[in-house]
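Q: Listed below are the residues making up each chain.
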Amino acid sequence: MTQALIDLVVFSVNGIRYAADLGQVRRIDIDEPNESIGHPLGPPAHGRRALVFSVEDSGERRLAIDEVLGVSRVPVTDLRRMPAAAHAARFSIGAWLDGEEPVLLVDLPSMISTPVTPAAH
Amino acid sequence: MEPSLLQRALANAPDRATAQAARPDEEFFVFRTGELTLGVRSEHVREVTRMGPLTPLPRSPSFLLGVVGHRGEVVPLVDLLRFLSQGESKPTNRSRLFISESGGQVVGFLADHVIGLRRIFVADKMPAPAGGGATQEFLDGVVQSRELGSLSLLHLPRIVQSARQKSVAR
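Protein chains in written order, with my numbering: chain A, 1 to 121; chain B, 1001 to 1170.
Don't take every hint at face value.
[As the list claims (entries may be wrong)] What follows is a list of derived Cβ distance ranges for each label pair:
hint: 1; chain 1: B; residue 1: R1046; chain 2: A; residue 2: D78; range: 18 to 26 Å
hint: 2; chain 1: B; residue 1: M1126; chain 2: A; residue 2: L22; range: 29 to 37 Å
hint: 3; chain 1: B; residue 1: R1094; chain 2: A; residue 2: E100; range: 54 to 62 Å
hint: 4; chain 1: B; residue 1: R1046; chain 2: A; residue 2: E60; range: 39 to 47 Å
hint: 5; chain 1: B; residue 1: E1035; chain 2: A; residue 2: E67; range: 51 to 59 Å
hint: 6; chain 1: B; residue 1: R1032; chain 2: A; residue 2: T77; range: 48 to 56 Å
hint: 7; chain 1: A; residue 1: T77; chain 2: B; residue 2: S1095; range: 42 to 50 Å
hint: 8; chain 1: B; residue 1: R1046; chain 2: A; residue 2: T77; range: 17 to 25 Å
hint: 9; chain 1: B; residue 1: L1117; chain 2: A; residue 2: N34; range: 33 to 41 Å
hint: 10; chain 1: A; residue 1: P109; chain 2: B; residue 2: E1147; range: 51 to 59 Å
Note that these hints are calculated values from the structure, not bench results.
A quick note: this is a predicted structure, and the numbers were derived from the prediction, not measured.
Even glycine gets a Cβ: it sits at the ideal position worked out from N, Cα and C.
One chain only, chain A, in its complex shape (with noise of 0.2 Å):
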């Protein structure tokens, strides 16, 4: 039996590893105010990297991060949705288990439409 797998963008911001659907970005490139969607998860510490998205109606848009660590081919086992308790915003929408390790999924075009005020951490 084959063991369902999904392909993920993993990326920092500030020191923080999150990872997004690889689906969902086209490309990596540099920041462009014009196009960025501000700093949900708080500004990048260094970087000028971004992670380019399209979103419907609204042509591209770009998340600002450090860098990308690469892509990652997890089990779907290994996902977890976001427990009620926490109620995150509403882009953060589970964690992948890295181990025991939690890195936040992120989803991408639902940053869009989030109020954007400064990251509490």
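Given the coordinates of chain A, work out where chain B should sit on it, guided by the hints.
A: Using the frame of chain A, we list chain B on its own:
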């Protein structure tokens, strides 16, 4: 033959310790965080464990430190000091987290130092002092103990429910 002193004493001895049963008690998990000594009913505490890697959650309330992985589950971690507006916890190597389950929600809480399980006589519980502000609604009572000093007993289900409502209301 005359019954011995011991035989007479045994004839009057009770069948069981009725005096203890007449004084109901409850078991609490007791811990310290910051300057506070706190207790929660042991039935709400599933496990006590070391602090593992913490993943912060962007745009979450400040009392929600993030999520931790625990036995294949992703568990939100609450800082009680921040939740009760009593300062903030600083996780160290000695910090422990206890995993609680209440109303189907699994939530972790940070403890600076675990004291252990203690039985508290219900009659020794005093109501939370009036004027305790927002903290008061989350207190199940206060106990003055020779061993622990002032011990605040928390109503964990109310805290979990409120934490969830505060998160949703953002």
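Q: Could you run down the list of hints and mark each one as holding or not?
A: To see whether the hints hold, each was checked on the structure:
no.	hint	verdict
1	R1046(B) to D78(A): 18 to 26 Å	22 Å, holds
2	M1126(B) to L22(A): 29 to 37 Å	58 Å, violated
3	R1094(B) to E100(A): 54 to 62 Å	19 Å, violated
4	R1046(B) to E60(A): 39 to 47 Å	46 Å, holds
5	E1035(B) to E67(A): 51 to 59 Å	41 Å, violated
6	R1032(B) to T77(A): 48 to 56 Å	38 Å, violated
7	T77(A) to S1095(B): 42 to 50 Å	30 Å, violated
8	R1046(B) to T77(A): 17 to 25 Å	23 Å, holds
9	L1117(B) to N34(A): 33 to 41 Å	60 Å, violated
10	P109(A) to E1147(B): 51 to 59 Å	56 Å, holds
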